[in-house]
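Asker: Once you know that position 113 of the sequence shown is 113 in full-length UniProt numbering, the rest is easy, because the numbers rise by one and skip nothing.
Treat the hints with caution; some may be incorrect.
Quick list of simulated restraints, FRET-style, between CB atoms [unchecked claim]: (1) Ala120 - Ala310: 23 to 29 Å; (2) Arg330 - Asn185: 34 to 40 Å; (3) Asn156 - Ala120: 34 to 40 Å; (4) Asp97 - Ala303: 33 to 39 Å; (5) Asn190 - Arg300: 22 to 28 Å; (6) Asp121 - Gly269: 30 to 36 Å; (7) Leu325 - Ala125: 26 to 32 Å; (8) Asp148 - Gly269: 17 to 23 Å.
Pairs of lysine to any residue residues, derived as SDA-like cross-links and limited to a Cα-Cα distance of at most 20 Å, are as follows [as the list claims (entries may be wrong)]: (9) Lys25 - Ala3; (10) Lys249 - Gly215; (11) Lys18 - Thr46; (12) Lys249 - Gly269.
Bear in mind the hints are in silico, worked out from the structure with no lab data behind them.
Glycine included, each C-beta is placed from N, C-alpha and C at the ideal position.
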Amino acid sequence: MTAAALAAALTDNDDSGKGVIHTLKRLSGGANMETWAFDWEVDGETRPLILRRSPIDAVDSDSPLAQLPLTSEAALLPLAAAQGVPVPTVLRVLGEDTDLGPGYIMSREPGEALPGRILADERYAGAREQLAYQCGETLARIHRVAADTVPAAVPNQPLPERLAAQQALLDRYGNASPVHQLALNWLLDNAPEASRHCLLHGDFRNGNLLVDENGLVAVLDWELAHCGDPAEDLGYLCGNVWRFGRSDKPVGGFGDYASLLAGYRAVAGWAPDLDEIHYWEVYCALGWGLVCLTMVDLYRSGADTTLERAAVGRRNSESEMDLLLLLDGRL
Numbered sequence: 001m002t003a004a005a006l007a008a009a010l011t012d013n014d015d016s017g018k019g020v021i022h023t024l025k026r027l028s029g030g031a032n033m034e035t036w037a038f039d040w041e042v043d044g045e046t047r048p049l050i051l052r053r054s055p056i057d058a059v060d061s062d063s064p065l066a067q068l069p070l071t072s073e074a075a076l077l078p079l080a081a082a083q084g085v086p087v088p089t090v091l092r093v094l095g096e097d098t099d100l101g102p103g104y105i106m107s108r109e110p111g112e113a114l115p116g117r118i119l120a121d122e123r124y125a126g127a128r129e130q131l132a133y134q135c136g137e138t139l140a141r142i143h144r145v146a147a148d149t150v151p152a153a154v155p156n157q158p159l160p161e162r163l164a165a166q167q168a169l170l171d172r173y174g175n176a177s178p179v180h181q182l183a184l185n186w187l188l189d190n191a192p193e194a195s196r197h198c199l200l201h202g203d204f205r206n207g208n209l210l211v212d213e214n215g216l217v218a219v220l221d222w223e224l225a226h227c228g229d230p231a232e233d234l235g236y237l238c239g240n241v242w243r244f245g246r247s248d249k250p251v252g253g254f255g256d257y258a259s260l261l262a263g264y265r266a267v268a269g270w271a272p273d274l275d276e277i278h279y280w281e282v283y284c285a286l287g288w289g290l291v292c293l294t295m296v297d298l299y300r301s302g303a304d305t306t307l308e309r310a311a312v313g314r315r316n317s318e319s320e321m322d323l324l325l326l327l328d329g330r331l
């Protein structure tokens with residue numbers, strides 16, 4: 001990844017040489033995709049931008065960690081923006097034929113995304129009071145995007161098939177966790193019959209939201225987007241793993257169920273009930289556990305020996321504790 005390659009991707013054929021890249025920096029985080037921040041100067045004007053790209057060593061499409069192709073991810077942002085969802089503006093979509101590989105370049109919006117700061121910094125105290133309501137409003141707007149309008153690459157798998165895939169993963173790992181099997185059995189026995197089907201963000205949580213003093217600024221990281229039951233996005237946001245130690249605040253560690261549902265209802269005219277959200281909290285906790293098992297499997301097999309894989313893999317026991325508490329009605 002070089003500034004020259006990035007400048008070439010941004011420069012149209014008829015204005016070669018006009019733009020200059022400044023302060024190119026890879027951002028932390030992102031186990032499977034690279035994110036770079038930089039400033040783009042053209043004719044004396046500087047614009048803060050972000051590059052999202054697939055690194056050479058990204059996981060293959062058969063991996064449980066596989067994500068939406070970045071070109072499809074880029075196509076979702078204007079669809080969401082058309083429904084009033086705050087998202088960055090996509091400036092360039094990069095194909096396989098570029099030196100950078102597949103990806104896209106978008107505006108770099110101001111705001112804070114680190115959960116520790118959002119939850120603890122006094123600067124965001126006012127934002128925390130209204131953030132759950134704003135998240136409800138925003139999710140309702142995302143769910144206005146009909147499943148039949150999204151790119152073909154966006155997964156649209158019925159719940160029974162998704163649960164079967166989770167069983168296959170457990171079998172692959174040799175039934176590594178009886179708690180996970182218990183939770184999966186519960187999910188199979190209590191599977192809802194969804195009456196609604198729409199685009200889901202798939203990873204809508206504290207850490208993928210840009211926040212300022214007034215609340216939600218932008219929704220980031222759409223690589224897990226798929227189609228399904230809208231209650232899933234709400235339950236996922238409430239997963240204990242995304243509360244970052246604030247289990248008393250079920251919505252992202254900053255809010256309560258009532259505020260989240262009130263915001264959703266204000267836009268959608270309806271809202272899921274708490275039983276539906278509880279189902280997807282269990283699903284989220286199991287999904288996180290399977291991610292942990294997959295990460296440690298990659299590390300142990302030698303396929304990916306980065307520290308991040310091993311560190312995430314160690315957190316499997318957290319998902320087991322969350323599942324036991326959820327199934328016992330204590331979380």
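Asker: Does each hint fit the structure? Answer for all of them.
Answerer: Right, here's what the structure says about each hint:
no. : hint                        : in the structure
1   : Ala120 - Ala310: 23 to 29 Å : holds, 27 Å
2   : Arg330 - Asn185: 34 to 40 Å : violated, 19 Å
3   : Asn156 - Ala120: 34 to 40 Å : holds, 39 Å
4   : Asp97 - Ala303: 33 to 39 Å  : violated, 28 Å
5   : Asn190 - Arg300: 22 to 28 Å : violated, 33 Å
6   : Asp121 - Gly269: 30 to 36 Å : holds, 35 Å
7   : Leu325 - Ala125: 26 to 32 Å : holds, 28 Å
8   : Asp148 - Gly269: 17 to 23 Å : holds, 21 Å
9   : Lys25 - Ala3                : holds, 10 Å
10  : Lys249 - Gly215             : holds, 16 Å
11  : Lys18 - Thr46               : holds, 12 Å
12  : Lys249 - Gly269             : violated, 25 Å
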